[in-house]
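Protein chains in written order, with the working numbering: chain A, 249 to 359; chain B, 27 to 138.
No lab work stands behind these hints, which were simulated from the structure alone. Possibly wrong hints are sitting among the right ones.
The calculated DSSO-like cross-link candidates involving lysine-lysine, where the alpha carbons are at most 30 Å apart (straight line), are [unchecked claim]: (1) A:Lys-307 - A:Lys-318; (2) B:Lys-125 - B:Lys-40; (3) B:Lys-104 - A:Lys-318; (4) A:Lys-305 - B:Lys-104; (5) A:Lys-346 - A:Lys-304; (6) A:Lys-318 - A:Lys-304; (7) B:Lys-104 - B:Lys-37; (8) A:Lys-304 - B:Lys-104; (9) B:Lys-83 - A:Lys-318; (10) A:Lys-346 - B:Lys-83; (11) B:Lys-83 - A:Lys-307; (12) B:Lys-125 - B:Lys-104; (13) B:Lys-37 - A:Lys-304; (14) A:Lys-346 - A:Lys-305; (15) B:Lys-125 - A:Lys-318; (16) B:Lys-104 - B:Lys-83; (17) A:Lys-305 - B:Lys-37.
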Amino acid sequence: TQLLEQSPQFLSIQEGENLTVYCNSSSVFSSLQWYRQEPGEGPVLLVTVVTGGEVKKLKRLTFQFGDARKDSSLHITAAQTGDTGLYLCASSNFGNEKLTFGTGTRLTIIP
Amino acid sequence: GAGVSQSPRYKVAKRGQDVALRCDPISGHVSLFWYQQALGQGPEFLTYFQNEAQLDKSGLPSDRFFAERPEGSVSTLKIQRTQQEDSAVYLCASSLSNKSAFFGQGTRLTVV
């Protein structure tokens, strides 16, 4: 079973600042997904990356997949209070749809 | 409905009681997953259905946990003789085959 480690576990920053969170594994991913989860809700998919070195942008969010497909990062520019939530990375094995989730980064944006 | 629907949203059970959690997936979604999320943790896989077939139940923590999807649509996760360590949020997700999964809001189970 792949283990996904996310860092930092907790992050609290002022509105307007930039931040980066990380997702790392010793195993190669076939694909990697980032989710945001708000209290009392299920995870909501933000992006899927499949190609080593891939960079995807979603408004102020930039997702990067490592060249070796063992790590990923999420960078948020000019954070807003609406970005507050639990950010989860998740991977699936080749030919298998079930997801293995990371430990999560709980992000708090202070107004 | 437009999304994955789970019921009840909250369930309090006395230790030893049996519970049943329901999931209504998005119409037409072939794949259905159950995950368990402990407080402050990421979700952990429990079981997976493709239509009515349970293809993977490797994540079920004990034989007290049982899941079914008899007609390939609605699924029920049953926990027998609940214990305190079963307290968690139980998430259901559905997808078209090999496509991204959509999650329900979850059922928060508290065993007292």
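Each hint, compared with the structure:
Simply put, Lys-307 (chain A) and Lys-318 (chain A) have alpha-carbon atoms about 25 Å apart, close enough for the 30 Å limit, and the pair holds. In summary, the hint linking Lys-125 (chain B) to Lys-40 (chain B) is not supported, as the alpha carbons are separated by about 38 Å, beyond the 30 Å threshold. With a C-alpha separation of about 36 Å, the suggested pair Lys-104 (chain B) and Lys-318 (chain A) falls outside the 30 Å cut-off, and the hint is violated. For the suggested pair Lys-305 (chain A) and Lys-104 (chain B), the alpha carbons sit about 41 Å apart, so the restraint of at most 30 Å is broken.
Only pairs whose Cα atoms come within 30 Å are accepted, and Lys-346 (chain A) paired with Lys-304 (chain A) is accepted, the gap being roughly 23 Å. Between Lys-318 (chain A) and Lys-304 (chain A) the CA atoms are separated by roughly 17 Å; this keeps the pair inside 30 Å, and the hint holds. For the given pair, Lys-104 (chain B) sits about 13 Å from Lys-37 (chain B) by alpha-carbon distance, which is consistent with the 30 Å threshold. This hinted pair does not check out: Lys-304 (chain A) and Lys-104 (chain B) have alpha carbons roughly 40 Å apart, beyond 30 Å.
For the given pair, Lys-83 (chain B) sits about 26 Å from Lys-318 (chain A) by alpha-carbon distance, which is consistent with the 30 Å threshold. For the hint linking Lys-346 (chain A) to Lys-83 (chain B), the alpha-carbon distance of about 11 Å falls within 30 Å, and the restraint holds. Taking the CA atoms of Lys-83 (chain B) and Lys-307 (chain A), the gap is near 38 Å; set against the 30 Å cutoff, the hint is violated. For the hint linking Lys-125 (chain B) to Lys-104 (chain B), the alpha-carbon distance of about 27 Å falls within 30 Å, and the restraint holds.
Between Lys-37 (chain B) and Lys-304 (chain A) the alpha-carbon distance is near 39 Å, which puts this suggested pair outside the 30 Å criterion. For the proposed pair Lys-346 (chain A) and Lys-305 (chain A), the alpha carbon gap of about 25 Å is at most 30 Å, so the pair holds. Taking the CA atoms of Lys-125 (chain B) and Lys-318 (chain A), the gap is about 21 Å. The hint holds against a cut of 30 Å. Restraint check: the Cα-Cα separation between Lys-104 (chain B) and Lys-83 (chain B) comes to about 13 Å, which is no more than 30 Å; the hinted pair holds.
For a cut-off of 30 Å, the pair hint linking Lys-305 (chain A) to Lys-37 (chain B) is broken: about 39 Å separates their Cα positions.
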